[in-house]
Every structure is written in structure tokens, then in C-alpha cells.
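One letter stands for each residue in the lines below.
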Amino acid sequence: MKIYEYQAKEILRKSGIRIPIGKMAKTAKSAAKVAEKLNKKVVVKAQVHSGGRGKAGGIKLAENPQASQDTAAQILQMRIGGLKVKSVLVEEALNISHEYYLSFALDRHAGKTIVMASAEGGVEIEEVAAHSPGKIYKFHLDPAYGLMDFQMRRTCEKLGLEHRMAKEFSEFMKRLYRTYTENDCVLAEINPLVLTAEGNFLAADAKMDLDENALFRHPDFLELREASEDDPIEVEAHKKKIPYVRLEGSIGILGNGAGLVMTTLDMVSREGGKPANFLDVGGGSNWETVKNSLEIVLSDKKVKGVFINIFGGISRCDEVAKGILEADKALNIKIPVVIRLSGTNEEEGRALLAASRFASASTMEDGAKKIVELIEGIGKKV
Amino acid sequence: MGILVNKNTRVIVQGITGKEGQFHTRQMIEYGTKVVGGVTPGKGGTRIFDLPVFNSVQEAAAVTQADASVIFVPPPYAADGIFEAAEAGIKVIVCITEGIPVHDMMKAYRVVKEKGIVLIGPNCPGITTAGEAKLGIIPGKIFKPGNIGVISRSGTLTYEVVNSLTRAGLGQSTCIGIGGDPIIGMRFKDGLKLFDQDPGTEVVILIGEIGGSDEEEAAAEISKLRIPAAAFIAGRTAPPGKRMGHAGAIISGNQGTPQSKVEAFQRAGVSVSDTIPQLIEKVREMVKAPV
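Line by line, the protein sequences give chains A and B. Note that my numbering has the first sequence beginning at 1, numbered continuously upward. Note that my numbering has the second sequence beginning at 383, numbered continuously upward.
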């Protein structure tokens with residue numbers, strides 16, 4: 001679960017990590033107010049879940065409140081990486097002496113945390129990795145012991161930091177590691193980690209990815225998620241704890257099991273259709289979950305037809321059928337729906353749906369073909 | 383034959399008195415699995431399905447001589463359940479629980495690796511040796527004993543494949559759902575090696591999905607093995623940067639793309655089918671082909 005820079009910085013601040021003074025603003029006017037209060041040169045930064053903000057023109061300096069208002073107005077109209085910019089972060093501009101890079105991240109292959117540090121901060125770390133991999137110092141942490149003092153000393157040595165600077169950097173590192181573990185981060189990346197002319201280390205930028213599985217330990221993060229999600233239907237689905245991803249197409253998809261739903265999307269695409277979403281009703285789901293899920297799929301107005309693909313293992317096909325009928329009762333579905341029910345209680349499920357006007361399919365491949373034909377009126381030969 | 387579990391495997395269930403635990407324990411027993419007891423802290427001394435319930439895994443293991451444990455414990459306590467089973471000397475741990483925090487799993491993963499324990503999952507449907515034993519939640523009735531091994535990151539998609547195999551008259555040896563989380567115990571590579579040593583398995587099906595690099599890792603291993611494999615990858619059309627249901631099913635930058643997985647398998651001489659029916663046909667040819 002990615003959060004915005006301003007949200008990540010708030011978490012850092014609470015953990016005692018120095019950040020530039022500033023505030024998030026949703027309008028150009030309030031951006032000007034923040035700049036006025038800071039009473040110095042500011043930087044206006046687009047808040048959006050996309051890399052390359054700088055290159056896209058989403059990060060700009062402004063000399064005075066009027067300039068920051070104009071800049072904010074400009075940035076708030078932008079789309080970066082296809083995403084609309086809905087807020088900006090207005091911060092004091094720093095006197096930069098040097099830019100470093102530091103991150104803690106899950107290395108899923110190793111099953112451990114990987115630490116990366118570099119004296120070449122300020123550019124995308126992938127670029128540094130491509131051009132001069134020797135300039136990134138990497139090591140894994142033993143999950144039983146965490147970050148050790150000698151590892152921090154060695155990092156400072158590799159980064160060419162000495163004496164007081166090494167001590168300060170180590171302190172920063174220790175706090176960032178604590179933030180990373182205490183907040184169940186999958187990624188905590190500071191780039192650039194700025195050494196100012198005044199001799200302080202600050203997190204000038206922050207990227208944080210939080211573990212959704214750990215939300216039960218951080219109930220306050222739910223708010224962060226809502227504020228940082230872009231799609232209103234995704235927000236609604238996640239409130240109901242339904243895994244849903246909105247896509248670009250017009251064929252609504254509902255299935256059970258992540259792998260099966262992904263394959264359903266693949267099969268629909270293979271037939272020339274464009275899926276509108278990913279939705280997993282889950283294993284052993286009752287009719288109410290099915291009804292809620294179908295309502296979510298249909299709340300996307302781009303949806304011109306729906307393919308429901310269920311393989312009943314623990315889920316019972318009759319329960320799914322009941323959910324579909326209940327959703328239809330509530331919504332009076334007018335668009336084409338193709339239903340494939342296989343597995344546990346499939347006969348009962350099909351019997352329940354026999355009287356409905358929905359089309360049925362015997363396999364996933366057959367269902368994918370049918371829904372594409374129904375929507376487009378043309379079948380694509382494979 | 384088959385691998386890791388059979389009709390003689392002595393199984394305990396952690397979380398046996400919970401809703402999920404009860405439901406699936408009953409199904410496991412009905413399938414013929416030798417379930418010898420269960421664990422629920424605070425309910426030691428009681429009985430369920432005429433089996434003893436213990437307060438700790440240590441006690442359960444000592445009394446029942448269990449070889450394997452299936453975990454149906456809620457996410458906040460599941461990693462602890464893995465630790466407890468490992469500590470008690472259980473050699474095969476199957477963790478069904480979905481939603482374990484990744485920081486907890488890093489610690490649990492370290493312990494099972496250190497002790498050389500087989501951990502299947504978490505966030506997995508479990509393991510079934512056809513006609514002998516099922517540890518987990520894979521529906522028993524879709525199986526038919528035979529010589530095809532199945533190893534998969536998915537749940538329902540695996541049922542779909544096994545069901546299709548059975549309908550095509552192709553029986554299975556063992557089917558393992560290794561789980562959809564970023565950190566899992568057994569990986570494709572580990573399962574492949576076990577199937578390779580099983581005289582009862584003739585062909586292995588690998589069902590991968592987007593995210594991570596376990597498929598690539600397995601592909602690199604396969605040329606060293608005798609066993610032929612066929613593969614399927616879910617999420618071929620998934621957009622990058624979006625978590626597709628499973629916590630581990632996400633394309634991050636250029637990591638975990640379906641292209642990379644398909645190419646890795648193809649380079650290793652493993653055919654990757656585009657649809658399930660094609661996969662079943664491929665396997666049928668492979669079983670028939672003289673080795």
C-alpha cells in the first residue's frame with residue numbers, strides 16, 4: 001500500500017527524523033498561504049504515486065508566495081504517469097551540500113530486508129544501478145537481529161562519511177530502520193537524503209510502501225489508504241474488504257481465487273475483449289459477498305457486460321447463484337451477463353439460474369468467448 | 383507414491399476448534415488423512431471429532447507423535463504458530479492462513495530454513511497426495527490417483543487444473559499449493575526437486591503467476607532434473623504496479639513480469655500453455671511420449 005510523500009514524511013517526523021518544514025495543499029490559494037507562512041524560497045511538489053515527478057515538471061522551486069500560487073495552480077492541473085495530481089506539498093527549499101540515498105526494503109527472494117545506500121542520491125536509484133552499480137552499497141539484515149552497529153559503521157565508510165557526519169548519518173539510519181519495522185513497511189526509501197550546508201541530514205523526499213497485511217496493527221493507516229487511493233470504486237471495494245482492481249476495459253469480471261481471476265482476465269483478453277476490473281470474491285464466500293461484489297463491478301459505468309467465473313471448491317455454486325439473483329433483484333441488471341459455475345453444487349447453482357435471463361457457459365474459455373461475442377456482436381477466431 | 387505426505391502421515395491441526403479449522407479438519411478426516419489431534423491454547427483436555435485437543439504444539443507432538451501440522455490460526459498469531467510447530471520438531475508445516483504481515487514472515491522463514499523444516503505456505507491451499515492424505519483445503523473429490531505432480535502459487539486455479547486432469551483421465555500423485563504471499567516456505571524449485579526423486583511422478587505441472595522470481599529460479603533448475611515439466615502462467619495481461627489479489631502477485635518495475643517467466647521456462651525447454659485445455663493436452667502428450 002503506497003502512501004503519498006506528505007503522509008510518509010509525517011510518519012518520519014513522528015519517528016524523530018528531520019524533514020523540511022512544509023505542508024500539503026489541495027488548492028493554489030492554500031499553497032500560497034503555506035509559502036507565506038514559511039516566508040522563504042519554497043519547493044512545490046506534486047503528490048502522486050508515480051516516479052519521474054521531477055522530469056515531468058511536477059517539482060518546482062518558487063521564490064515567493066505569488067510564484068508558489070502560480071506554480072501550484074500549474075502542477076494541480078497536471079497528470080503524471082497517467083494519474084491526476086490532486087495535491088501538492090509546499091516545503092522550504094534546502095541549502096544542499098550533498099545528496100545521499102538510503103532505503104530499507106523487502107527482498108522477497110532472500111526473505112530478508114535489504115539495505116541500500118549510496119553517495120549518489122538525487123537521481124533514480126535504478127539509474128545509478130545501471131551505470132555504476134559499484135556506487136550502491138547493499139546488504140541484507142538478519143531478521144532475528146535487525147540492523148547492527150557495525151553495519152552502520154561500514155555503510156558510513158562506504159559512503160565516505162567521517163567522524164561527526166558518520167555519527168549523524170548512523171543516527172538517521174537507525175531511526176529510519178526503526179520507522180521501517182515499527183510501521184510494517186515493505187519499503188522506506190529516502191532519495192535524496194540531503195546533507196544541508198548547515199550540516200544536518202534531512203529526508204528531502206520519502207517513498208513508503210506499507211504492508212496491508214499489517215493493518216490490524218496500525219488501524220490509523222486505514223485513513224492514509226483512503227486518502228491515497230485514486231479510484232473511488234477501489235476505495236469502496238476495499239472498505240468492504242473485497243480485492244478489486246479497476247482496469248481500462250468494458251467487461252466486468254467476478255471470480256473466486258486470485259489466480260483464477262487473473263486467468264479469467266487473460267482468457268477474456270485472448271478473445272479480444274478488454275476487462276474492466278479484477279475482482280476476487282474469495283473462497284467460501286456467502287451470497288451477500290457475491291451480491292456486494294457484483295454491485296461493485298456494476299458501479300463502474302464503463303462496464304457493458306459481466307463474466308462471472310466460479311470454480312466451487314469450498315465456495316458452493318448454489319450460494320453464488322443466490323448472490324447473483326439477489327444482486328439482480330436489487331439492481332435489475334440490464335447488460336449481458338455470462339455465468340460459469342463449476343464444482344461444488346454446480347447442478348443446484350445452475351438450476352437456480354435456469355429461469356434467469358443470464359447466459360451460462362460450461363468452461364472458462366467458453367464463457368470468455370461468449371461475453372466478448374455478446375458485447376461486441378462479433379466473435380474473434382483464435 | 384507422491385511426496386511429503388501419505389496415508390501414514392500423522393497430522394495435527396493448529397486452530398482445530400476455530401470455524402475454518404473445524405470445517406477443514408472434518409474434510410481431511412473424511413478424505414482418509416490420519417489426523418491425530420489438534421491445538422487450541424486454553425482448550426487443552428477437550429475433544430473434537432473424537433480427537434484430543436492440546437494447549438500447545440509441544441504437548442500435542444509429544445503425545446501424538448505427529449509428523450505434520452496444518453495451521454488455521456488467524457493472521458496476527460499465525461507466524462507464532464509456525465515458530466511453535468518448528469520448535470516442537472514438526473517436520474512438515476502447512477500454513478493456510480492468509481494475511482500474515484511480511485515482517486513476521488521474515489522471522490518465521492529464517493527459523494524454518496535454519497531447522498531444515500518444510501513449510502508450505504502461508505496463504506496457500508495446502509498439499510494433497512491423491513487417494514492418501516490431504517493437509518489443507520483443496521477439495522478432495524477432484525483428485526484421481528496417478529502420476530502427475532502439480533505445484534502452484536494459486537488456489538482455485540489449481541483446483542480447476544486438477545479437476546480438468548481428472549476429467550481427462552489423467553491422475554495425480556501429489557498436488558501442492560505453495561501460496562500467493564511474497565515470502566513463502568517451499569518454492570517451485572524445492573517442490574520440483576522432491577518430485578524429481580519420486581518414482582511415482584512422471585510429469586510435473588507448474589502453475590505460476592506474476593510477481594517475484596520463483597518461476598525463473600525453477601526454470602534455471604529444471605535442466606538438471608530428470609522430470610519433464612509443463613507450465614502455465616496466470617496474469618499474462620495484468621497491469622504493472624497493481625496487486626492482483628495475492629499479496630505477492632504484483633509486477634514491480636521490470637520485476638515479476640509474465641514475459642520474463644514465460645521466456646525463462648521456454649529457454650529451459652519447458653512448454654508454457656496459453657490456456658488450461660492446452661495445458662491438459664500438452665500433459666497428455668508428455669505422459670504418452672516414450673521417455
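Calculated from the structure, these hints are not laboratory results. Beta carbons: idealized from backbone N, C-alpha and C, even for Gly. Just so you know, not all the hints are guaranteed correct.
These stretches of chain A come out as covered by chain B in the derived footprint (C-beta under 8 Å, 3 or more residues) [to be verified]:
| hint | stretch |
| --- | --- |
| 1 | 14-20 |
| 2 | 29-42 |
| 3 | 157-165 |
Straight-line alpha carbon distances no greater than 30 Å define the calculated DSS-like cross-link-like pairs of lysine-lysine that follow [unchecked claim]:
| hint | chain 1 | residue 1 | chain 2 | residue 2 |
| --- | --- | --- | --- | --- |
| 4 | A | 241 | B | 489 |
| 5 | A | 60 | B | 523 |
| 6 | B | 473 | B | 401 |
| 7 | A | 14 | B | 473 |
| 8 | A | 167 | A | 55 |
| 9 | B | 425 | B | 526 |
| 10 | A | 322 | B | 523 |
| 11 | A | 322 | A | 2 |
| 12 | B | 523 | A | 158 |
| 13 | A | 112 | B | 489 |
| 14 | B | 473 | A | 26 |
Status of the hints after comparison with the structure:
no.: 1; hint: 14-20; verdict: violated (count 0)
no.: 2; hint: 29-42; verdict: violated (count 0)
no.: 3; hint: 157-165; verdict: violated (count 0)
no.: 4; hint: A:241 / B:489; verdict: holds (27 Å)
no.: 5; hint: A:60 / B:523; verdict: violated (63 Å)
no.: 6; hint: B:473 / B:401; verdict: holds (25 Å)
no.: 7; hint: A:14 / B:473; verdict: violated (43 Å)
no.: 8; hint: A:167 / A:55; verdict: violated (34 Å)
no.: 9; hint: B:425 / B:526; verdict: violated (37 Å)
no.: 10; hint: A:322 / B:523; verdict: holds (24 Å)
no.: 11; hint: A:322 / A:2; verdict: violated (36 Å)
no.: 12; hint: B:523 / A:158; verdict: violated (59 Å)
no.: 13; hint: A:112 / B:489; verdict: holds (8 Å)
no.: 14; hint: B:473 / A:26; verdict: violated (56 Å)
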